[in-house]
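Dock chain B against chain A, hints included.
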Amino acid sequence: MDVNVKVAAVGAVSAALADAALEVNFENNPTYWRDRFPYLEPSLVLPPLDDWLVAGLSLFTLFDRTRDFGLGALLYSGPMLAGRTVVRAARVARVTPAARVVVQR
Amino acid sequence: MATEYGHAWLGEIIRIAERFGHTVLDLSRDAATQERLFTALAEFQPDIMFLCSHGNESQFSGQNGEVVFTACHNDEVMAGNQAYYLSCLMGEALVPSMVSKGAVTVAGYVTEFVWVIDPAYVDDKLADPRAYPFMRAIVESSGRLLEGGSWQHFYDTWVAMCNMGVREWFERDDPTAPSIVAALEQDRDSLVVLGETSIRPVQEALARAMSPLPPALGVTLLALFL
Numbered sequence: 001m002d003v004n005v006k007v008a009a010v011g012a013v014s015a016a017l018a019d020a021a022l023e024v025n026f027e028n029n030p031t032y033w034r035d036r037f038p039y040l041e042p043s044l045v046l047p048p049l050d051d052w053l054v055a056g057l058s059l060f061t062l063f064d065r066t067r068d069f070g071l072g073a074l075l076y077s078g079p080m081l082a083g084r085t086v087v088r089a090a091r092v093a094r095v096t097p098a099a100r101v102v103v104q105r
Numbered sequence: 001m002a003t004e005y006g007h008a009w010l011g012e013i014i015r016i017a018e019r020f021g022h023t024v025l026d027l028s029r030d031a032a033t034q035e036r037l038f039t040a041l042a043e044f045q046p047d048i049m050f051l052c053s054h055g056n057e058s059q060f061s062g063q064n065g066e067v068v069f070t071a072c073h074n075d076e077v078m079a080g081n082q083a084y085y086l087s088c089l090m091g092e093a094l095v096p097s098m099v100s101k102g103a104v105t106v107a108g109y110v111t112e113f114v115w116v117i118d119p120a121y122v123d124d125k126l127a128d129p130r131a132y133p134f135m136r137a138i139v140e141s142s143g144r145l146l147e148g149g150s151w152q153h154f155y156d157t158w159v160a161m162c163n164m165g166v167r168e169w170f171e172r173d174d175p176t177a178p179s180i181v182a183a184l185e186q187d188r189d190s191l192v193v194l195g196e197t198s199i200r201p202v203q204e205a206l207a208r209a210m211s212p213l214p215p216a217l218g219v220t221l222l223a224l225f226l
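Chains A and B are the protein sequences, given in the same order.
For the first sequence, my numbering gives the first residue as 1, with consecutive numbering after it.
For the second sequence, my numbering gives the first residue as 1, with consecutive numbering after it.
Don't read these hints as lab results, they were simulated from the structure.
Treat the hints with care, since some could be wrong.
Derived lysine to any residue pairs resembling SDA-like cross-links, with alpha carbons at most 25 Å apart [stated by the list, open to error]: (1) B:125 with A:33; (2) B:125 with A:32; (3) B:101 with A:100; (4) B:125 with A:28; (5) B:125 with A:25; (6) B:125 with A:38; (7) B:125 with A:39; (8) B:125 with A:6; (9) B:125 with A:35; (10) B:125 with A:26; (11) B:125 with A:34; (12) B:125 with A:30; (13) B:125 with A:31; (14) B:101 with A:28; (15) A:6 with B:224; (16) B:125 with A:29; (17) B:125 with A:40; (18) B:125 with A:41.
Just the calculated beta-carbon pair ranges, DEER-fashion [said to hold, decoys possible]: (19) B:185 with A:28: 18 to 26 Å; (20) B:198 with A:41: 22 to 30 Å; (21) A:21 with B:64: 43 to 51 Å; (22) B:2 with A:45: 33 to 41 Å; (23) B:21 with A:6: 43 to 51 Å.
Just so you have them, the derived chain B footprint on chain A, three or more residues with Cβ under 8 Å [to be verified]: (24) 25 to 33; (25) 93 to 101.
Here the structure is a predicted model, which means the values were calculated and not measured.
Idealized CB from N, CA, C, for every residue including glycine.
So here's chain A without its partners, still in its complex pose:
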């Protein structure tokens, strides 16, 4: 399979920048964005929706003309999803078994 490495690199960097922009936006206002689109979290272990959107868009660009770009984007977003799943699983494991919390208000 012939792959234009430069185009693939542009695809990978583009996906990384899109991911970074979404992450920075969340970190600036976590309380506001938590559980809002595109940061919905159906599972504590699987990454939130914004990460899947980056991966989905990468997959979407795997058309004929943008195939190499999409391949590069997938090379970024695939391991990104895998890595974040591992990190989140470790975090959930840290707080399991669940704690007892009293809130008086």
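Then chain B, alone, in the frame of chain A:
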């Protein structure tokens, strides 16, 4: 009004706790009494507590002004427990007294806890943009504890979130911006965490068991690439 905002903010903390699967005992409004709290301490045996109400240097109150804790009177019931008090002035005497009686870690404020509100949002307090930086600092720092962080993490997040709010409002074109910045700086410097700051209130037994896994996985993948 003051505790209404705290009530809404602690509701967000409950939401985060429940997302992690923690069991939450919500002593809200009429349930926010000394009797209910002391019963919870004895029978529910919480890993951590978040409490919001009026307070002063030596007292913490519950619903309708009932005094719940008084320094050197009944604060020994906090022995062995960890808590964050969103309440004015308690850090002066009551928090140190609780720790001296055996409380593991207690956080509170040495001055009055101050914040700014937009009266247009009294019916939707979580959407109040002026109160938001205060809520964010409280909710995110508490969230660190609920996700397994230590009290040091809690304190560092608190300072970072207050500083973020100061940066955001420092040059904002809003007549209340100077008050918001001043209040954030006061609250930031007012929080004290006494007792064991390295301890993590939430169980981490499985984390220790699992902790070698992510680095091992990373090294394996790296070796495969090479």
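Numbers of unmet hints, in rising order: 8, 14
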